[in-house]
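Asker: Here the protein sequences come in this chain order: E and D. Start counting the first sequence at 1; every next residue gets the next number (our numbering). Start counting the second sequence at 1001; every next residue gets the next number (our numbering).
Honestly, I wouldn't trust all of these hints.
So the derived list for chain E, only partly shown, Cβ under 7 Å to chain D, looks like this [claimed, not checked]:
no.: 1; residue: HIS54
no.: 2; residue: TRP60
no.: 3; residue: GLY181
no.: 4; residue: GLY185
Derived from the structure by calculation, the hints contain no laboratory data. Remember, predicted model here, so these are calculated numbers, not experimental data. C-beta atoms are modelled at their ideal positions from N, C-alpha and C, and glycine is treated no differently.
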Amino acid sequence: MNATGRRILRPLSIALGTAVFALATGAAACGLEDPDSIATRRGVLNMAYPESLHVGTAVWQAQFAGRLPRDPVALLGDLAPEQRGTLRLARAKLLLGRFAAKLADDGAAAPRPSLAVVLLGPVMWSRMESSGGVLKPALHVAGPEPGDVVVVTDIAAIEAVAGGTLSFSEALDLGVMRLYGPPAGVAATRSWLTERARG
Amino acid sequence: MIHRPRNATVAIAVVAAFGAFAFFASTADVKGQSPVPSSVATDAGTIRADKAAQYFKRPGYSPYAGRNFPTRVYWGEQHLHTSWSGDAAGGGTRVGPEEALRLARGEEIVSSTGQPVRLSRPLDWLAISDHSDALGVVNEIIAGNPKLMTDPTLKRWNQQMNAGGEEAMKAVMELISLQGQGKLPAPVMDTQLAFDVWKKSTTIMEKYNDPGRFTALIAYEWTSNYGGGNNLHRNVIYRDGKDKADQVAPLTTFVTENPEELWTWMQQYEQKTGGQLLAIPHNGNLSNGLMFALNTFKGDALTKAWAETRARWEPLYEVTQGKGTSEQHPSLAPNDEFANFEIWDKGNLVVLPKKPGMLNHEYAREALKNGLAIEDRLGANPFKFGLIGSTDNHNGIASAEENNFFSKFPAAEPSPARWDENAFDFGVDRVIKGWQLGASGYTGIWATENTRAALWDAMKRKEVYGTTGPRITVRFFGGFEFTPEDAQTREPASIGYAKGVPMGGDLRAAPAGRKPTFLVAALKDPLSGNLDRIQIVKGWLDAIGKTQERVYDVAWAQADKRKPGKDGKLPPVGNTVDIKTATWKNTIGEPELITAWTDPDFDPKLRAFYYARVIEIPTPRWTLYDAVRFNVKIPSSVPLTLQERAYTSPIWYSPS
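My request is simple: use the sequences and hints to build the entire structure.
Answerer: Set out below in structure tokens:
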């Protein structure tokens, strides 16, 4: 290994822990399984999707304002970090499934844009591919595919939308969901979500 | 040490020789009698009374007329990273140097997590110290620096990063992956690239440097993690502007990880440019015993020349910052009940555990003591440094306020979960939790004006002090003639400079029968807590060559009620913090404390140092503000209050 090459981003490696290696090798799918890497994953996300970290702030502010539910796992006493991670992963999969179902209850004949939903807290990715009005969710995947519209959000927003206490358009207005991707896809997704808000 | 212009000193010496004449002539002139000539011929030439008088200020009505010592403390910090540091960019920081400077000047900006942020009060100065290693590389790739675009991989990354989304993510991941394999494209490691970025950086600092109003000091961090995370970092601070700073590329650890070679680089810079530099180490607490080791970098015995060289280039030490306190470890000072403050002692920068004995070479007070022993043996003290504080924040936000804590990285900016997340995670038992990060610190500089030259000169002479965030005003003078009456004045500095030396100074050879006396005064930060006490920390080398230390309470609040116990310890000042509301009352403590203190244990034959530590009453820590603002339950094991403090630079006593 080239010594200079090893040193070039050493401050980054030092500051962000072992996460850089884990990320580079794709050793773990998300920060719930690999808490070491959360800070790095968020940092990369913020570079790829500018201002995506703003979603985190919008979420806690909405929670503070009573618009979004609080994290129930945080209230579960003295759990080990791994136990918290397992609980949060299971809960995220459940709520994302409900979220996908809400989007799928559509009836549109035209194809919808493919979505890649990333939960900012653990930087956990899921994909929702639409074909002929049928939405096929793939939960807990490695990342987005080319052409996906990326939805940066967090589990509290997913829970509120899936539970019907917050509409898609409100989520976009509050900044607890942000859309990234090809302009046409983003526009189509915005219309789709707004329609679902009415529906 | 009395601060006066050199020509004035000469003139006063001359006038002193003819003092009676000058005074008589003046008086006579007033009466209109002029019995003596207004000039006199001497071997050195003709001295005219009217010319000499311009250097001889007669007392007037204003007590402030004619003062030439530093009368203001200038607040700032010298350790802030922006998106131009590789690790900050990787952590999601979007705040660049310009936004960071605007925030320091008092403007409101938006943080990397979209949160409006402003300081409670502007700072007077700021040094941005981005890492010289890979300085601005990611930004340059995005911007399409022509030197980088010759490489097809970098050209592709440029396109991908500008495309955003998954393409950008792929590029960043590929960059990280190739870095791990040591296969980064060669142009990235080109020293000329870093030099180009450096020149952009100095241009920004010039733009924001506004002499007399706000000082933007040119600086960088040389980031040696020798041996795998052993923190030997130094911030290099320039007295100079862009004209000189741009003549030499900053040193990187690609060239060397040896601090001694940094000193050589600094000397070469000064020789080439005529400029001036100083270096400020930090986080000895994360060096696993290397920061103040009692041998050279290569393990050789120390020499007088080595000691003089280190003392020349490193006149200051950052004693408090976000990654813990480096003043003194509680295990090394079991009688110092205030030593256990914001301590990070699990390991080095990558949390590799410490081995026995390492702590002895990591903390400022130990180094100051060891410096006395080395000076006694070699004739020079390598660890003769003043104390300062800074944040080391990596998000461009120079905030050290508990109620305005934006932390070190964007991931730890305000959110309900940040206290419980892992701030640093290097594996099992090698984790630093978010709550362990500290909202610290700032530096107060006693300077004659707010300019690069005046601030840097004050740093060089160590007339500076560090705080954990509050802007406590502290004066500290040492001499042999201070009396209790001096503590009654409202102008301690006038007496302090007239009868002694300020913080950072030297006392030599006590007059027969005299003991060192210290005039120390502290005034609370109007936005922070009252003062609990002033302490003087003394370190000395005893008669058999062993280092010793003692902490003296010299002034404290409610002195009529609080008396030292049998163990010599003052009872605690109390605690008014309301845990439910994150508020406190200044019903305890005092807004100001002042005293003239004489060392009761002085031995004129023994080397010693003295520095003042000023302690506030308990106030809410940032964790308590988070608990209340986010309505989260934080376990009792997490500290929710703290006693903020200031550390002055020492005054040294030498027998000869």
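Asker: Against which earlier hints does the structure fall short, listed by number upward?
Answerer: Of the numbered hints, just 4 does not hold.
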